[in-house]
Amino acid sequence: DAGVIQSPRHEVTEMGQEVTLRCKPISGHNSLFWYRQTMMRGLELLIYFNNNVPIDDSGMPEDRFSAKMPNASFSTLKIQPSEPRDSAVYFCASSSGQGNTIYFGEGSWLTVV
Amino acid sequence: GEDVEQSLFLSVREGDSSVINCTYTDSSSTYLYWYKQEPGAGLQLLTYIFSNMDMKQDQRLTVLLNKKDKHLSLRIADTQTGDSAIYFCAETNSNSGYALNFGKGTSLLVTP
Numbered sequence: 001d002a003g004v005i006q007s008p009r010h011e012v013t014e015m016g017q018e019v020t021l022r023c024k025p026i027s028g029h030n031s032l033f034w035y036r037q038t039m040m041r042g043l044e045l046l047i048y049f050n051n052n053v054p055i056d057d058s059g060m061p062e063d064r065f066s067a068k069m070p071n072a073s074f075s076t077l078k079i080q081p082s083e084p085r086d087s088a089v090y091f092c093a094s095s096s097g098q099g100n101t102i103y104f105g106e107g108s109w110l111t112v113v
Numbered sequence: 001g002e003d004v005e006q007s008l009f010l011s012v013r014e015g016d017s018s019v020i021n022c023t024y025t026d027s028s029s030t031y032l033y034w035y036k037q038e039p040g041a042g043l044q045l046l047t048y049i050f051s052n053m054d055m056k057q058d059q060r061l062t063v064l065l066n067k068k069d070k071h072l073s074l075r076i077a078d079t080q081t082g083d084s085a086i087y088f089c090a091e092t093n094s095n096s097g098y099a100l101n102f103g104k105g106t107s108l109l110v111t112p
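These protein sequence lines are chains A and B, in that order.
What the first sequence shows, in the working numbering, is residues 1 to 113, in sequence order.
What the second sequence shows, in the working numbering, is residues 1 to 112, in sequence order.
Okay, chain B solo, but in the shape it has when bound (with noise of 0.2 Å):
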């Protein structure tokens, strides 16, 4: 199937910024996620963005699309201990039914 590439690992300071990126390959992307798994649990949908969109904000989460570059960004500001888990981008398409197609997963650790 198409890929979807995350960088596996990310360290931050408690009240800093955190932006975790996303590269997709497959043009025809209709929704693309950002799941949330802290260990032991589910997956979590924090937000999404329609490809037609190129900014979302919800509170502390900021989700920034660029369809050319097939680049998907999410900022979480003033991160905390809490934030620290394992954040995965996902991507669906008519082509899979909608099915969701899954990057790696980014762990982010959250240092005081």
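Just chain A, same shape as in the assembly (with noise of 0.2 Å):
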């Protein structure tokens, strides 16, 4: 299996610019995560969704964050104007089912200079 895929895995953007993130889910995982590293507040979960629904978006900090997910194995998170604050990695997961396991791919490194 090929895991979680994320692209791209290193992104250096202007502030202002429109960022897309991407995310393949791994084949037959009907739940998917996005979730935010940064030093100081840890790993945050942004959203959630379970068979392309969102269902917690509680976490997306503001409304220049979006999140899609037009079919079961793509997903984006779109960050529209970005900011320096905006730094952080981001890291996508999915899993089989409420209560199983989830795997999380390799992150994308966003700098917002």
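Note that these hints are calculated values from the structure, not bench results.
One or more of the hints may lead you astray.
Straight line, CA to CA, 20 Å or less: simulated SDA-like cross-link-like pairs of lysine to any residue [stated by the list, open to error]: (1) A:LYS78 - A:ASN50; (2) B:LYS104 - A:MET40; (3) B:LYS36 - A:MET40; (4) B:LYS104 - A:PRO61; (5) B:LYS67 - A:GLY99; (6) B:LYS36 - A:VAL89; (7) B:LYS104 - A:ARG41; (8) B:LYS104 - A:ARG85; (9) B:LYS36 - A:GLU106; (10) B:LYS104 - A:MET39; (11) B:LYS36 - A:GLY3; (12) B:LYS67 - B:MET53; (13) A:LYS24 - A:PRO70; (14) B:LYS104 - A:GLU106; (15) A:LYS24 - A:LEU46; (16) B:LYS36 - A:ASN100; (17) B:LYS36 - B:ALA85; (18) B:LYS104 - A:GLY59; (19) B:LYS70 - B:ASN95; (20) B:LYS36 - B:ARG75; (21) B:LYS104 - A:VAL89.
Okay, the calculated beta carbon distance ranges per label pair [stated by the list, open to error]: (22) A:GLU44 - B:ASP58: 24 to 34 Å; (23) A:HIS10 - B:ASP3: 27 to 37 Å; (24) B:ASP78 - A:PRO54: 36 to 46 Å; (25) A:PRO8 - B:HIS71: 34 to 44 Å; (26) A:ARG41 - B:PHE9: 12 to 22 Å; (27) A:VAL53 - B:HIS71: 27 to 37 Å; (28) A:ALA72 - B:ASP69: 33 to 43 Å; (29) B:GLY15 - A:GLN17: 47 to 57 Å; (30) B:LEU45 - A:PRO70: 20 to 30 Å; (31) B:THR111 - A:PRO54: 43 to 53 Å; (32) A:SER66 - B:MET55: 41 to 51 Å; (33) B:GLU14 - A:THR101: 23 to 33 Å; (34) A:ASP56 - B:LEU109: 33 to 43 Å; (35) A:SER66 - B:PRO39: 24 to 34 Å.
Yeah, the Cβ is synthetic: ideal placement off N, Cα and C, and Gly gets one too.
Relying on the hints, combine the two individually framed chains into one complex.
The structure is reproduced here in structure tokens:
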């Protein structure tokens, strides 16, 4: 199995630019999670989907952040406009259902200058 | 949300045992996990324990759960330099849709 695949692995962008992070969950998994990791706040859940439907987006920091899951094999996390404080590692994870093990991708390392 | 607390740093000598501790506050926690993160990498699932168990052993790893005290520990026997990483404790429960609630992580440094 290829695991959870994220792209890009690294991105450096200027403040104000739009950033789109992409995720392909493990085939057959129907739960997908987006996490953000920073030194100050650790790992924070941003949003999760079950069967492509957003269930809890209370962790999304503000309206500049949006996430979509148009089908079972693809999700995006978009930041528009980006700010330096958005610099972090963004992880996507998936599982085969509620209560089952959650597997993480390698992360997208975002730097906003 | 509910809290998951870990000590931030642990240093051990190669060959010794490491014990990483974690406490949590949510009494409805269903599963408790240990993840490992090496520099520049994602989170690797090490092991997990269901809340109705008190111990789980997997090769060099032993997980102990004291549900009454809401205390979880990870023991690594014969610690190697390759075990140096950040170890995250996490809990899930039905109230949060089984999303993982993480501690801040414990940095384990193994010295020769």
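For each hint, the structure was consulted:
1. Proximity of A:LYS78 to A:ASN50 is assessed by CA-CA distance (about 19 Å); at most 20 Å being required, the pair is judged to hold.
2. Restraint check for B:LYS104 and A:MET40: the C-alpha separation of about 9 Å stays at or below 20 Å, so the hint holds.
3. Of the pairs offered as hints, the one joining B:LYS36 and A:MET40 holds, with about 19 Å between alpha carbons and a cut-off of 20 Å not exceeded.
4. Proximity of B:LYS104 to A:PRO61 is assessed by CA-CA distance (about 19 Å); at most 20 Å being required, the pair is judged to hold.
5. Proximity of B:LYS67 to A:GLY99 is assessed by CA-CA distance (about 18 Å); at most 20 Å being required, the pair is judged to hold.
6. Of the supplied pair hints, the one linking B:LYS36 and A:VAL89 holds, its CA atoms being roughly 16 Å apart against a limit of 20 Å.
7. For the suggested pair B:LYS104 and A:ARG41, the alpha carbons sit about 8 Å apart, so the restraint of at most 20 Å is met.
8. Restraint check: the Cα-Cα separation between B:LYS104 and A:ARG85 comes to about 19 Å, which is no more than 20 Å; the hinted pair holds.
9. For a cut-off of 20 Å, the pair hint linking B:LYS36 to A:GLU106 stands: about 12 Å separates their Cα positions.
10. For the suggested pair B:LYS104 and A:MET39, the alpha carbons sit about 9 Å apart, so the restraint of at most 20 Å is met.
11. Under the criterion of a C-alpha separation no larger than 20 Å, the hint pairing B:LYS36 with A:GLY3 is consistent with the structure, at around 16 Å.
12. Of the supplied pair hints, the one linking B:LYS67 and B:MET53 holds, its CA atoms being roughly 9 Å apart against a limit of 20 Å.
13. For a cut-off of 20 Å, the pair hint linking A:LYS24 to A:PRO70 stands: about 11 Å separates their Cα positions.
14. Restraint check: the Cα-Cα separation between B:LYS104 and A:GLU106 comes to about 18 Å, which is no more than 20 Å; the hinted pair holds.
15. Taking the CA atoms of A:LYS24 and A:LEU46, the gap is near 17 Å; set against the 20 Å cutoff, the hint holds.
16. For a cut-off of 20 Å, the pair hint linking B:LYS36 to A:ASN100 stands: about 18 Å separates their Cα positions.
17. For the given pair, B:LYS36 sits about 7 Å from B:ALA85 by alpha-carbon distance, which is consistent with the 20 Å threshold.
18. For the hint pairing B:LYS104 with A:GLY59, the CA-to-CA distance comes to about 17 Å; that is within 20 Å, so the pair holds.
19. About 17 Å separates the Cα atoms of B:LYS70 and B:ASN95, which keeps this hinted pair within 20 Å; it holds.
20. For the hint linking B:LYS36 to B:ARG75, the alpha-carbon distance of about 13 Å falls within 20 Å, and the restraint holds.
21. As the CA atoms of B:LYS104 and A:VAL89 are separated by approximately 14 Å, the hinted pair is consistent with the 20 Å bound.
22. Range check, A:GLU44 to B:ASP58: about 28 Å between beta-carbon atoms, so the 24 to 34 Å window is met.
23. The hint said 27 to 37 Å for the Cβ distance between A:HIS10 and B:ASP3, and at roughly 32 Å that hint holds.
24. Between B:ASP78 and A:PRO54, the C-beta spacing of about 45 Å keeps the proposed range 36 to 46 Å intact.
25. Look at A:PRO8 against B:HIS71: about 40 Å separates their beta carbons, and that is inside 34 to 44 Å.
26. At about 18 Å, the beta-carbon gap between A:ARG41 and B:PHE9 stays in the expected band of 12 to 22 Å.
27. As the Cβ distance of A:VAL53 to B:HIS71 is approximately 36 Å, the hint placing it in 27 to 37 Å holds.
28. About 41 Å separates the C-beta atoms of A:ALA72 and B:ASP69, a value consistent with the hinted range of 33 to 43 Å.
29. Checked against the hint of 47 to 57 Å, the C-beta distance between B:GLY15 and A:GLN17 comes to roughly 50 Å, which is consistent with it.
30. Checking the proposed 20 to 30 Å range against B:LEU45 and A:PRO70 shows it holds: the Cβ atoms sit about 27 Å from each other.
31. Here the CB-CB span from B:THR111 to A:PRO54 is close to 45 Å, well matched to the stated 43 to 53 Å.
32. In this structure, A:SER66 and B:MET55 meet the distance hint of 41 to 51 Å, their C-beta atoms being roughly 44 Å apart.
33. Roughly 30 Å separates the CB atoms of B:GLU14 and A:THR101, a value that falls within the hinted 23 to 33 Å.
34. The beta-carbon spacing between A:ASP56 and B:LEU109, approximately 36 Å, falls within the hinted interval of 33 to 43 Å.
35. In this structure the hint that A:SER66 and B:PRO39 lie 24 to 34 Å apart at CB holds, the actual value being about 30 Å.
Violated hints for the displayed structure: none, as all numbered hints are satisfied.
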